[in-house]
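Engineer: Chains as they are written, first to last, in the numbering used here: chain W, 1 to 493; chain L, 1 to 319; chain H, 1 to 155.
Think of the hints as simulated: they come from the structure by calculation, not from any bench. One should not assume that every hint holds.
Computed footprint of chain L on chain W; a stretch qualifies when at least three of its residues, placed anywhere within it, have a C-beta under 8 Å from a C-beta of chain L [claimed, not checked]:
hint, segment
1, 346-360
2, 401-409
Which residues of chain W face chain L? A few of them, derived with a C-beta cut under 7 Å, are [unchecked claim]:
hint, residue
3, 4
4, 8
5, 139
6, 183
7, 196
8, 197
9, 321
10, 338
11, 340
12, 342
13, 343
14, 385
15, 446
16, 454
17, 455
Don't be surprised by glycine CBs; every beta carbon is placed ideally from N, CA and C.
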Amino acid sequence: MEFLNYFDNVFTVYHIALLVGGTFAGIILGALPGLSPTMSVALLIPFTFHMKPESGLILLGAMYTATVAGGAISAILVNVPGAPANIATAMDGHKMAQSGKAKDALHYCFMSSFVGGIFGVLILIFFTPPLAALSLKFMSTELFWVAILGITIIATLDAKSVIKGLMSGLFGLMLATIGEHPTSAMERFVFTDHLEGGVHIVVGLIGLFAMPQVWNLLENFYGRKNEVFSATGDSTLMQSFRLVSGKIKALSIGSIIGSVIGIIPGAGGQIAGIVAYDQSKKVSSNRSNYGKGEPEAIIAAESANNSMVGPSLIPLLTLSIPGSPTAAVLLGGLLIHGIFPGHDIFTKNTEVVWTFIDSLIIAQILMLIIGLFLSRHSKWIMKVPDNYMAVGILLLAVFGTYSIQNDYSDVLIMFVLGTLMYFGSKAGFSPVPVVLGLILGTMTEEKFLLGNMIGNAKGSSFQHFTSGTINLILIVLCLASIAYGIYSSRKSK
Amino acid sequence: MKIVNITKVALLAIASLMLMPAQADYPDKPIGVMVAYGPGGATDFQARIATLASGKEGLIGQPIYILNKPGAGGRKGWNWFASEASQDGYMLGAYNVPHFIAQSIVFDTKYNIDNLEPLGNWGADPAVLIVGKDSPFNTVGELLAHAEANPGAVTISGAGKFVGHHIAFLQFAKASGANLTYIPASGGVDALRMVKAGETVAGFNNLSDSARSAADLKILAVADLTRHEYLPDVPTLMESGVDVDDSSVNFRGLMVPAGTPQDVIDYLASKVPDMFGEKKTVGKMKATNSPARIMTRDEVVSMWSERQAYLTGLLAGLQ
Amino acid sequence: MASTRVENLNRIMNKPFKISTVLITLFSAFLVYASFILGNNEDYLFPRLISGTIAVLSLMLWFEKGEADKSTNFKDLMPGIAIATAFILSLKILGFYLASMIVFFSLVMYYSKPTEPKDFWRVILIKLGVTIVFSLTLYALFTLLLKVRTPEGLF
Chain W
1 MEFLNYFDNV FTVYHIALLV GGTFAGIILG ALPGLSPTMS VALLIPFTFH MKPESGLILL
61 GAMYTATVAG GAISAILVNV PGAPANIATA MDGHKMAQSG KAKDALHYCF MSSFVGGIFG
121 VLILIFFTPP LAALSLKFMS TELFWVAILG ITIIATLDAK SVIKGLMSGL FGLMLATIGE
181 HPTSAMERFV FTDHLEGGVH IVVGLIGLFA MPQVWNLLEN FYGRKNEVFS ATGDSTLMQS
241 FRLVSGKIKA LSIGSIIGSV IGIIPGAGGQ IAGIVAYDQS KKVSSNRSNY GKGEPEAIIA
301 AESANNSMVG PSLIPLLTLS IPGSPTAAVL LGGLLIHGIF PGHDIFTKNT EVVWTFIDSL
361 IIAQILMLII GLFLSRHSKW IMKVPDNYMA VGILLLAVFG TYSIQNDYSD VLIMFVLGTL
421 MYFGSKAGFS PVPVVLGLIL GTMTEEKFLL GNMIGNAKGS SFQHFTSGTI NLILIVLCLA
481 SIAYGIYSSR KSK
Chain L
1 MKIVNITKVA LLAIASLMLM PAQADYPDKP IGVMVAYGPG GATDFQARIA TLASGKEGLI
61 GQPIYILNKP GAGGRKGWNW FASEASQDGY MLGAYNVPHF IAQSIVFDTK YNIDNLEPLG
121 NWGADPAVLI VGKDSPFNTV GELLAHAEAN PGAVTISGAG KFVGHHIAFL QFAKASGANL
181 TYIPASGGVD ALRMVKAGET VAGFNNLSDS ARSAADLKIL AVADLTRHEY LPDVPTLMES
241 GVDVDDSSVN FRGLMVPAGT PQDVIDYLAS KVPDMFGEKK TVGKMKATNS PARIMTRDEV
301 VSMWSERQAY LTGLLAGLQ
Chain H
1 MASTRVENLN RIMNKPFKIS TVLITLFSAF LVYASFILGN NEDYLFPRLI SGTIAVLSLM
61 LWFEKGEADK STNFKDLMPG IAIATAFILS LKILGFYLAS MIVFFSLVMY YSKPTEPKDF
121 WRVILIKLGV TIVFSLTLYA LFTLLLKVRT PEGLF
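Working from the sequences, and respecting the hints, build out all of it.
Structural biologist: Here it is, written out as structure tokens:
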């Protein structure tokens, strides 16, 4: 219970001010397209430069926590996820908003984020040593199977047509191959200099979600009444609380899956939401309502997102191995303050590290309070006239995209890809599998090639990929996921 | 006569003003430093520390901001820098040797040592040969003996192709004559993970990062000419009997694109090493475990051309 | 054997003609071309695998009984796409903020509902006001707070 001793350090006027400011700003930034948690933390690191280490880390931690939750706001209100982690939330959250229940959806989102977030931090506090050891066991072959597991759920994500779902996912994988080859470093598909750096995941995300929304608002501008959503459908905070606390199954699936994915090194953290969404759908009694505005879907996805935050720091703090892209940036934030990750971090930097972890708990609480407060005002966003909304999303998408890598080419890629996606959606294609493919593409290819090289050096590549407990468990999960996909698509016919 | 003279003087003054656009008061606005890697990485945060003192009296005299242009292992940022960055001294760039030189040899890049002008060097991070802490190998000799008995079975990770780690690997393989397998990870962090997890037999990685992770690793040798102050007990590769020099050391410093006026280059070159050597900056470099090595423009110019000549030979026939 | 072929043919003929299926097949063919012909070394193994699968799936699409494509209201969409494209292409020339103000104002002016107040000048003033406020917000957020440096343009 050592962690209880350091709350004093958090409860200073300065640190509470940093936490409140960081959380508030984080929720707002997270809601803007392009300012993903990774981006926001990266932009903030220079600000912490002149602070004391614990103050800087408190601010970064609050930012990490709040941006992950904030990304759900734009996912729900305008169907543009703030970060890859919030894709799953957009599917049902925006449907709820369209039927006048935006506030409810936001309530569910922040409450389940809070539950997941606290769960994740508790995992970080109590299970760091064993989980750090587990995290080291995920090597190239294991990570390859994790990526394949992600790919197996692509086809069933788009309920309308398995073929189109698969094609969209494969198109995403194809997009991921543009640019540098993962092991030979040679360029692929660089027809123009603009494609030199490939398609950045967040650039793809903004294009695929934001641009279709812009075109949709403009195309139907004259045809649609400027509907003002009736507030009658809104439930009170208490009703939302009762609903969320009744969804134990969705909450626990989300929190556990998020935590597990958090400790897996690398890009995996971004798929926590979508994997939890998929799993909770499989066991839910409201299965048929998924994709149509199901509260359980939001609860599973958002609890997974935030429960990923704490565990993603486990390998980071003890092994210097980040569990998510944001944790990777946070590594720079640690080093810049002279805090070096390692097994002895809890003894060497006791005060700073425990203060940081304690502040994460407070950040979760603040995120809940500020988030619920902002939810009350969500109706103002919904009342913005379509023409202003369209151009607002367009400009935010352009500025957000540019700020990711300070690159004009990214803006072009975002614009072209998003416009293509809009016409694709007319033919029944969905952006969700495309983004998932884009996230998993590099991971799949890179881990396969590296595993193959190492396997060949060891003698047999095939054996290398199919031996080891974790590999075997993952292979069984992949097969089960495929079998379930076939079974459910047969049944729906 | 007088009037003619005044006109002459005035004309001359105007002409000279037009020839030297505002260089007299350079620098009169903040200066950018392009970093070809993302924020939070080693090059990024070292660049931020190294340029901390720029605004001080007697140094550059203007604050410096960082502009990150990551992508394609640095190629994207450096391509932009060589072809599009302004040549007025208001956009500097951070270089990584041997990365950008190796890339300009292997790939069709817009940059090479001839269209870039160095200003000064702030850091040098040698590659070190590491194995996991449970590894049976304790010396370079033991590792090489194992490689001799099992050709190709010794896997060595590094942060991708044509970076310092890869150069160190190529030199090591060439000098030892052993049959080794290079595993190009997606970055230094992942390459280090591979060694810690025992996924690869060994690895070349940054001295700074490896020294920090000493509890999970055994550091067998340093790929530099001398031992390093952070690791006084670790021998160089040469001391271990493998003839590898300092060509893989990751040098970091500042440069401007060719075409920048000579007086601006001279001004910056005279101030930049002092800025790197400022007391607080040196302290902060030390506190973050960032190995410093301050070099002047002239030293860097000759270091660049040495590397260019050596790497052209080493990488020939590799593509 | 022969009867199934006739059946399949019937299925193709009977389903509503989909322009999207044709376009997608052409697009898949392009992906195959790009990864097999343009990319001519072993680095292209993974893309070849993917584009090959996409091509097979695009052929299967011809036999799938799916919903008809949604129609597109080009009359209302095209002006928006034209204005936005001009905006994207002018970003580096005009600078991000000037271009943004122009596109904001042009889009909200072009897309206006007949139900808006009749007073022409009042409408312009309101829209101009919102344009300026939104641009200033963007500037405060990105340039002042986040220190993102956008290209300044030639002016």
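Engineer: Next step is simple, just say for each hint if it's right about the structure.
Structural biologist: For each hint, the structure was consulted:
With a cut-off of 8 Å between beta carbons, the segment 346-360 of chain W has 0 residues touching chain L; three or more are needed, and the interface restraint is violated. For a cut-off of 8 Å, the count of residues in the segment 401-409 of chain W with a CB near a CB of chain L stands at 3, and the three-residue condition holds. At about 27 Å, the closest approach between the beta carbon of residue 4 of chain W and any beta carbon in chain L exceeds 7 Å, and the interface hint on this residue is violated. Because the beta carbon of residue 8 of chain W sits about 26 Å from the nearest beta carbon in chain L, more than 7 Å, this interface hint is broken.
Checking residue 139 of chain W against chain L by beta carbon gives a least distance of about 4 Å; that is within 7 Å, so the hint holds. Hint status for residue 183 of chain W relative to chain L: holds, with the closest Cβ pair at about 5 Å, below 7 Å. Proximity of residue 196 of chain W to chain L holds as hinted, the smallest CB-CB distance being about 5 Å (cut-off 7 Å). Hint status for residue 197 of chain W relative to chain L: holds, with the closest Cβ pair at about 3 Å, below 7 Å.
At its closest, the beta carbon of residue 321 of chain W sits 5 Å from a beta carbon of chain L; the interface hint therefore holds under the 7 Å criterion. Because the smallest distance between the Cβ of residue 338 of chain W and any Cβ of chain L comes to about 4 Å, under 7 Å, the interface hint for this residue holds. Taken as an interface hint, residue 340 of chain W checks out: its beta carbon lies about 4 Å from the nearest beta carbon of chain L, inside 7 Å. With a cut of 7 Å, the hint placing residue 342 of chain W at the interface with chain L holds, because the nearest CB-to-CB distance is about 6 Å.
Against a cut-off of 7 Å between C-beta atoms, the interface hint on residue 343 of chain W holds, since the closest Cβ of chain L lies about 5 Å away. This hint is violated: residue 385 of chain W has a C-beta 37 Å from the nearest C-beta of chain L, more than the 7 Å allowed. Of the supplied interface hints, the one on residue 446 of chain W holds, with its beta-carbon coming within about 6 Å of a beta-carbon of chain L, less than 7 Å. This hint holds: residue 454 of chain W has a C-beta 6 Å from the nearest C-beta of chain L, less than the 7 Å allowed.
Annotation: residue 455 of chain W was flagged as interfacial toward chain L, and the flag is violated, the nearest CB pair being 10 Å apart, outside 7 Å.
Violation of the numbered hints given earlier is confined to hints 1, 3, 4, 14 and 17; the remaining hints are satisfied by the structure.
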